[in-house]
Amino acid sequence: MQETEIYEKFIEGDLSPESEKKFMARLTLNDELRTNFRHYLVVTNSIRNYVENERLPIEVSNSIFTALGFSPITNIPNKIKQDKPSFFSSRLFTALVTGLSTFIIAFFLFKPNDSLVQMKKEDARILTQKNEIPLVKIDKNEDYKRTVKGNRTKSVLVSKNDQNFEKELEENKLIPEKNQFALEEINPSNFSMNENNINIYKDLGNNDISNFKVKQMENYSSSKYDTLIFYRSYDTKYRFEFKNTPSWFSPSPIVQPNRMNNFNNLSISLLYPINKTILLGAEFRQETFYINYDSKDNTGQDYTFYMQPNLSSYGISIRYLPIELCCRIKPYGQFEIGGNSSGLVSREMLGLEFLLFESAYLTIGGEVNQFYYHHLNNWYTSSKYNINYGLGIKF
Amino acid sequence: MKDYSKYDDKQLIGFISLEGKESEFAFKEIYFRYAKRIFSHCNLKCVNQDEAKDMNQEIWMIFFQTIKNGKTDIILPHYLYGIARNIYLQNCKKQNKQTTLNEDKFEIDSIVSPYISLEASIEEQDLIKIIKMASDYLNELLKETFHLKWFSGLTNKDISEITGESVENIKQRSHRSMAKILEILSPFIKDFQK
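Heads up: the protein sequence lines correspond to chains A and B, in order. Number 244 in our numbering belongs to position 244 of the first sequence; there are no gaps in the numbering. Offset between the second sequence (1-based) and our numbering: plus 1000.
For reference, chain B alone in the conformation it holds in the complex (with noise of 0.2 angstroms):
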């Protein structure tokens, strides 16, 4: 059996397009090499692990299918975020949610996980919860660059690619999602401390 470590995405996705065992094998080594951080930003997508699980099963099935139907000039893991990204907005629509990924328009209220409250008790939660909520809070750029900065550990360049944004304008994001954080955190990063 072949060492499918030793391959690069690419050789690995001319692999998947084959038939067989190869084509099996091929695709969990990609699988794993993606697998928790897609999962990561699925959960960070959703407002419960079955849309989370549901959101990752489709990435990974809409990626198997592109790649068996002739598309390999496929860059990892840009294209994995990509799908997600469409997929949410499909969601998103479906749900009648007034999303959309234009700065100007951005409302907080309107994307604001209606489940998620800073006032529950963070004597209960764990700092990392803290900053997901928080994170809800933000407008829906800023929170999908920082989840994909933080969260899934890409680069300005690697988000720029994924959103087709400059990546000037990323770093810009980035920088205010951070220090919107912070604001957000600050009182419960003093208590936390304590």
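Excised from the complex, chain A in its bound form (with noise of 0.2 angstroms):
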């Protein structure tokens, strides 16, 4: 056996234990072989690196494809086939985890026991609620139209105490006469009142005190009741989100950027909810997309672009959320349409909502995104793929 032949196999621990033993024996005593096994590193890293970085001449590829009649290309892009990364390696498996791990901590974390759980603070009640948190209330001795956190209020509804909550919803009252704001602020279609009875007609919102119908008010008497419940029919805050949205192309890019933009990817967005189920926003977000397509230089010259131009997207968007699943979950669809200064940028959005706290959440959601570009009088379209996971933030 030649020594380059030892020396391969030792590098590629192909040896034998017992000839590894031998050869590592050898080197220790024998200078010149570890002189030659010097060498022998020294000419196959250098050639490794030569070969790893050697750059292919754009005029070498270009010259053969207009020979077959081929478009040109602009940049030629530094290719040798590689073994896919595995699932496990891959961008898409982090993000993932990156984000299901976050959510999955944050609901064991901020799970409560109860649908409704009432805390003592000072002298008012507050009546909090597991999955919407609309409930506020204001002691008997207080201004009704003031809430806890100062939120906008919808509807009233009056309690004495939580047992037997549908019998006395039916036998107690509600006053209207200070609250005209709340209640205009319910759908008409929904309410009808007159100077001494309000009557609802429909559900209040999708927790168990709100199936309950209130068909008569008259007067309010504070002696009679020690809790005023104000139940918020949607949330009115405003929205800030913060969110990370790792990208896949398709196709896959053969070219790369040289340099990313300063927070590549990462997205800032404002939100305000019209009604219950829908909000209105408008986002920022730094982000690539890869180009792929056949046209013209100005000559007339047939070319193939290859780009993967860093883009700042403003856009505005709708959320539709219309359910609340189970343990504060609540399951969106999104449209956005914006632009940036290449071209018009649609995005499809679904994507759930965990709530943290009542002005707090995270979001997870997959993502669909269309790139609208022109050149010379042309339109082109390209897609990709993102998770969108990230902190959600009310006030």
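What you were told as hints is all true, and nothing was included just to trick you.
Calculated cross-link-like contacts (lysine-lysine; reagent style DSS-like; alpha-carbon spacing at most 27 angstroms):
(1) B:LYS1157 with A:LYS9
(2) B:LYS1171 with A:LYS21
(3) A:LYS9 with B:LYS1180
(4) A:LYS330 with A:LYS276
Coverage of chain B stretches by chain A, computed from C-beta distances (three or more under 8 angstroms per stretch; other residues unrestricted):
(5) 1003 to 1013
(6) 1018 to 1031
(7) 1059 to 1069
(8) 1150 to 1164
(9) 1179 to 1188
To be clear, the hints were calculated from the coordinates, so they are not data collected in a lab. The C-beta atom is built at its ideal place from N, Cα and C for all residues, glycine as well.
Using the hints, put the two chains back together into the complex; each one sits in its own frame.
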């Protein structure tokens, strides 16, 4: 066996343990062998580095393409056939694990015990709820217009205690006169009122206490009730969201930007609920799209363009949250349209919101993006897929 | 547009045999998979880059034309190296070089490129250039094996399929070529390391 064969087997770990020991012993004792082995390593490493860093001149490729009648390209990808990374080392796996693990940990950390929890705060009792957190109250002696955290209210229910609640609602009364602002925000088709009475025909929400009909109201007697509950039919707070949006392109890119935008794939957005189930929002996102199209240059020469530009996109979105699942989770669908310096962008997303506190939630979802761009009066499209995950703050 | 990177060589060769844009995109996908290695191989085979470019272009034209002529049972990258080998031998014949791929008739002087000299100042050369120069002092068979194995990253089995030699022969040649390169380079590497 030649020495170089032993070197090669040694480096690749193909020597038997016994042969390896022998080789190591010889290396220790034999200066000439040691020098020769070092030279072998220098030569093989130099060749490897050279091969890895060698570039293919653009004119070499374009001369072949034009000779074959193909369109030349403007940027030659330095590409070697490589094994595809396994699923477990892919960005998809990393994003899924990061997003879902955060979601699951938060779910268990912030899971409340009951659907309705009573807390005492000084002399006021606050009814909170597991899913919606829409319940606010005032003490009997306070002005009922004011809610605990200054939230707007949509309707009014009265309760003396939580047991036999339905019965009590039938028997007890609401006071409408100073609460016009709140009642006006209920959809007019869902209630009628006159000077002394109010009828609410519809469920007030998706929780236990909302299924009661309040048929009649008379003048409010504060001595009779120890708690007023203002039921907010939807959350009226602004939302700020900060999300990571790792992307996968279709088709796979063969060119990469020399340098990515700062905060690439991060997005910030501001949303406001216009009713119980619909939010309108605006978003800013740093991103790239992979674009690949056949066109011509200004002289009429055919070209295939491969690019992955850095883009700063702005958009307006509409989010629909039709239902609330158990455990403070709300599924949603979202559509967004926007643009950047190179074209138009549209996005469709399905996701989940998980409420951590009244003012904070996590969001995770999958998104499909389309990029519409034009070159020499022709429009082209490109797609990518995102996993979006991040934090939302209500204020 | 299809994502051609998802297809293997055999499927792409099938697309190339078709007409239209599909053929072009498939060819480009194959091209970018192997172009760097093939061009590097041409550079090693030729005395200057213009020749290497011509040889490289010829390889790809023959490859494309072969598929268009209906031959699709092609294994890559062996087939491309095979074309390169044939072109090289034809060029040698044209230039009346006494090059044969027969080990017994090997003579160093017959294939050493005349413009290369190891006596060039090594201060002006980096190690890789010296390795290339040293490889030109090898027997043609050893040189070919050395280039294919180390510069093109092929396995002994790949090389045996390209050259039609047994794997064992290629293995022996591969080690002999490296041993000779080390022998030639030994004094230069010492200088280089200093």
